[in-house]
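J.: The residues making up each chain are set out below.
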Amino acid sequence: MAHRFAGVSAVRDGLNGVQYLADEGIAGVVYLADRLVKPVLVEGPAGTGKTQLAKSTAEMCGARLIRLQCYEGIDESKALYEWNYKKQLMRIQAESQTWDEVSEDIFSEEFLLTRPLLEAIRATEPVVLLIDEVDRVEVEAEALLLEVLSDYQVSIPELGTVEATQIPLVFLTSNNTRELSESLKRRCLYLYIDYPDLDREREIVLTKVPDISQSLADEVARIVRSVRQLELKKSPSVSETLDWARTLVLLGVEHVDAETAAETVHVLLKYRSDIDKALKELSAGDAPGSGLPR
Amino acid sequence: MTVQAARGPAPPGAAGAALLGLLGGFIAELRRAGLPVSLTEHLDAAEAVRHVPLEDRAALKCALAATLVKHHAHRQAFETAFEVYFSLRGPQFVPSDGAWADADLAGARDPRLEGPGGEPLGDEDLARMLFAALLGGDQERLRAGARRAVQRYAGMEPGRPVGGAYYLYRTLRNLGLEALLERLLETVQDEAERPLTPLEERLARDEMEARIDQLRKEIEAEIRRRLVADRGVEAMARTLRKPLPTDVEFMHATREDMEALRKVIGPLTRKLAARLASRRHHRSRGVLDFRRTIRRSLSYGGVPAEPQFRYKRPAKPEIMVIADISGSVAAFARFTLHLVYAISSHFAKVRSFVFIDGLDEVTDLFEASEDIAEAVHRVNTSADVVWVDGHSDYGHALGVFWERYGPSITAKTTIMILGDARNNYHASETWVMAELQRKARRIFWLNPEPRSYWDTGDSIMSTYSAHCDGTFEVRTLRHLERFVEQTF
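Chain order of the listed sequences is A and B.
This note's numbering applies: residue 362 is where the first sequence begins, and numbers increase by one.
This note's numbering applies: residue 12 is where the second sequence begins, and numbers increase by one.
Just so you know, not all the hints are guaranteed correct.
What the hints assert, rightly or not - As a list, the in silico EDC-like pairs of lysine to aspartate or glutamate whose alpha-carbon atoms are at most 20 Å apart: (1) A:K595 to B:E212; (2) B:K282 to A:D558; (3) B:K253 to B:E151; (4) A:K594 to B:D480; (5) B:K72 to A:E480; (6) A:K631 to A:E642; (7) B:K450 to B:D469; (8) A:K638 to B:D258; (9) A:K641 to B:E329; (10) B:K228 to B:E151; (11) A:K595 to A:E543; (12) A:K631 to B:E385; (13) A:K638 to B:D480; (14) A:K594 to B:D258; (15) A:K439 to A:E499; (16) B:K274 to A:D558; (17) B:K274 to A:E564; (18) B:K282 to A:E433; (19) B:K327 to B:E151; (20) B:K274 to B:D300; (21) B:K72 to A:E499; (22) A:K641 to B:D480; (23) B:K450 to B:E270; (24) B:K282 to A:E642; (25) B:K228 to A:D558; (26) A:K631 to A:E615.
Calculated directly from the structure, the hints in this document are not laboratory data.
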């Protein structure tokens, strides 16, 4: 099978081209996913661009994105396929045929409703399959995914096995609210997207927020890094950083000082106690307890 | 950095076999460090390595991490093993044409590190160079400086049976990083046109701390490289192997371990809470309630059309935590309190008491603050727990507890006692335990020491455990997690 990407740097440039700034690790795993024909399990704190990675990859490859949003209680009929009962009923009632003809007929593809997983397998054009928040399904329901993930096929008892005409790129995201089963993890490549480092975050702000000055972007990135070092209930995510940067630009701020930070920090942090803590820590230059991290 | 992996393009034949052997050793080491690496993953890694350029160390690392490490908490162990296995310089791994290895060991002939006349740098020059590199954030020079500093100060000799920490300490002492940080900050102050605001000062400090931390990491890496070269991979991997954060023993945790523990406890409690909640959820459907089904069937003319179930009411116990927070077991108490409060929504009420030889209630501290970590910290500073001499006295603490809070114990109360039961030969006051057991629903004792140490020295565990509904050896976060899951 033809490979999608020539090399790691090609992936990286491609993602940059669709405004997703990938680091070595991210680009490397996407490249390997293509070469090894394996799904990618993406984990990391909320708001670091896990879902966006799948979207951007689809955009980069010019592929259609098929998304399966997971939730507690998801089952076969929502993830894989379902028979269209109403249509089957109508077919049975429509004209009197022999039993054999009808029973043959109502389990044909015409009466099959495809759900995201089957759709991704049957697609003839290139697709990227995104299985979002896979940690929300119960352990038992994970088994639904296994056949698709390892063999890229779906078995339908009445029809037989549907094999993929083209191998989709598959991304699974997880917020790590529970441990995924070993069998699922074994079938996937693993990618952990952490908060970006200072330079990358600055680049992200510069790319995503139009009209922001270099110096403001730098300040934003540095303050966010300092805030993330505090022990907070919820550290600011990349999307919150971007919201904050946009807010500052809209307010016409050119330089963040303590007052502006205090007025706008609620965009960045969402808990009262976190906000208090951040304001206290950041306005005291020489905070007690700060010192060389050991 | 890339030079040690630069051994030509992808390896057919003998070199390929050598690489596979190396990979096998690496994976064996990962398994020894506690990572569950399956055979499939081993095969995947071998396959993945074929697709990345081997001279690119970062790409190799990424490929191995993606195929072998499926859990973020395992990442640190992977990094350590990778550093050891893929920066090979031991004599048995030096390639045949590898004069570079010896030259490198003796100290890189880096022109930037030498004075104008080719003389080696003096102490002052080195310090100045590091200072400039830190101030300018110059990665290349920082690395070169770190390498030089190790060579100069660590005093490493081949075959000396000393751990890396010793060399690290020697190097850092000579560099005086604390003073360096202050000097850097002063320079930043001086260079600014106007005095820095507190916010700017804080940002500058964070930036410089990050850079100095980078320097420290470079120095550690350099020391490790040299040690690997000296002792060989296996020995080094054994020395550096550290338990995963969830397997670190509370009693022997170093400061770094504590840091790692603090990082994992948040996600861990969240996961635990989700698991407890979903278990409640799934249990909600009970057995058929025959009496009510018949009663309801009367409205359908005696047809039991609407079956009724006896729903289980989730038990919501009241929890009382009594924790020993004397030096030896403080860390254990801290993490347990953190965990109990993080899942406190599953309990009707949580009250917490801490003691050393006196006892104090600290429930208020937790209820006043939204931030558990903060509250745990405040417990250590503001609770009044010293009665006489600040050595654990379980007998007296239990006595005080019974006297003051005994009346509020009900049949719904579950009591958890945290401590090592090392009583410093004071009176045990066992009768309190007997009373507590009689009055409370359940009473558990969580001991951070291994079972084999119980009842040795001044530990009087069995005296107390006679009156407990369960005693648990809780040495690590993993044990703690298992206890909570089994019990509640």
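J.: Each hint: holds or not?
T.: Okay, the hints, checked on the actual structure:
1. Simply put, K595 (chain A) and E212 (chain B) have alpha-carbon atoms about 24 Å apart, too far for the 20 Å limit, and the pair is violated.
2. Restraint check for K282 (chain B) and D558 (chain A): the C-alpha separation of about 26 Å exceeds 20 Å, so the hint is violated.
3. A hinted pair counts as satisfied when its Cα atoms are at most 20 Å apart, and K253 (chain B) with E151 (chain B) does not qualify at roughly 30 Å.
4. For the hint pairing K594 (chain A) with D480 (chain B), the CA-to-CA distance comes to about 35 Å; that exceeds 20 Å, so the pair is violated.
5. For the suggested pair K72 (chain B) and E480 (chain A), the alpha carbons sit about 35 Å apart, so the restraint of at most 20 Å is broken.
6. Of the supplied pair hints, the one linking K631 (chain A) and E642 (chain A) holds, its CA atoms being roughly 17 Å apart against a limit of 20 Å.
7. Proximity of K450 (chain B) to D469 (chain B) is assessed by CA-CA distance (about 28 Å); at most 20 Å being required, the pair is judged violated.
8. A C-alpha spacing of about 31 Å is found between K638 (chain A) and D258 (chain B), which places the hinted pair above 20 Å, so the restraint is violated.
9. At most 20 Å may separate the alpha-carbon atoms for a hinted pair to count; K641 (chain A) and E329 (chain B) exceed this at roughly 35 Å.
10. At most 20 Å may separate the alpha-carbon atoms for a hinted pair to count; K228 (chain B) and E151 (chain B) meet this at roughly 14 Å.
11. At most 20 Å may separate the alpha-carbon atoms for a hinted pair to count; K595 (chain A) and E543 (chain A) exceed this at roughly 28 Å.
12. The suggested pairing of K631 (chain A) with E385 (chain B) holds, with an alpha-carbon distance near 18 Å, which does not exceed 20 Å.
13. A C-alpha spacing of about 41 Å is found between K638 (chain A) and D480 (chain B), which places the hinted pair above 20 Å, so the restraint is violated.
14. Simply put, K594 (chain A) and D258 (chain B) have alpha-carbon atoms about 24 Å apart, too far for the 20 Å limit, and the pair is violated.
15. A threshold of 20 Å between alpha carbons decides the hint, and for K439 (chain A) with E499 (chain A) the separation of about 14 Å falls inside it, so the pair holds.
16. Between K274 (chain B) and D558 (chain A), the direct Cα distance comes to roughly 18 Å. Compliance with the 20 Å bound is thereby established for this hinted pair.
17. Straight-line distance between C-alpha atoms of K274 (chain B) and E564 (chain A) comes to about 27 Å, which puts the hinted pair past the 20 Å bound.
18. Between K282 (chain B) and E433 (chain A) the alpha-carbon distance is near 15 Å, which keeps this suggested pair within the 20 Å criterion.
19. A hinted pair counts as satisfied when its Cα atoms are at most 20 Å apart, and K327 (chain B) with E151 (chain B) does not qualify at roughly 59 Å.
20. Distance restraint check for K274 (chain B) and D300 (chain B): the Cα-Cα separation of roughly 47 Å exceeds the 20 Å cut-off, and the hinted pair is therefore not satisfied.
21. Pair hint K72 (chain B) plus E499 (chain A) does not hold up; C-alpha atoms about 33 Å apart against a cutoff of 20 Å.
22. Annotation: proposed proximity of K641 (chain A) to D480 (chain B) is violated, straight-line Cα distance about 46 Å (limit 20 Å).
23. For the hint pairing K450 (chain B) with E270 (chain B), the CA-to-CA distance comes to about 39 Å; that exceeds 20 Å, so the pair is violated.
24. With a CA separation close to 29 Å, the supplied pair K282 (chain B) and E642 (chain A) exceeds the 20 Å bound.
25. With a C-alpha separation of about 16 Å, the suggested pairing of K228 (chain B) with D558 (chain A) holds against the 20 Å cut-off.
26. Between the alpha carbons of K631 (chain A) and E615 (chain A) the distance comes to roughly 24 Å, so the proposed pair goes past 20 Å and is violated.
In terms of the numbered hints stated before, the structure departs from hints 1, 2, 3, 4, 5, 7, 8, 9, 11, 13, 14, 17, 19, 20, 21, 22, 23, 24, 26, listed from lowest to highest.
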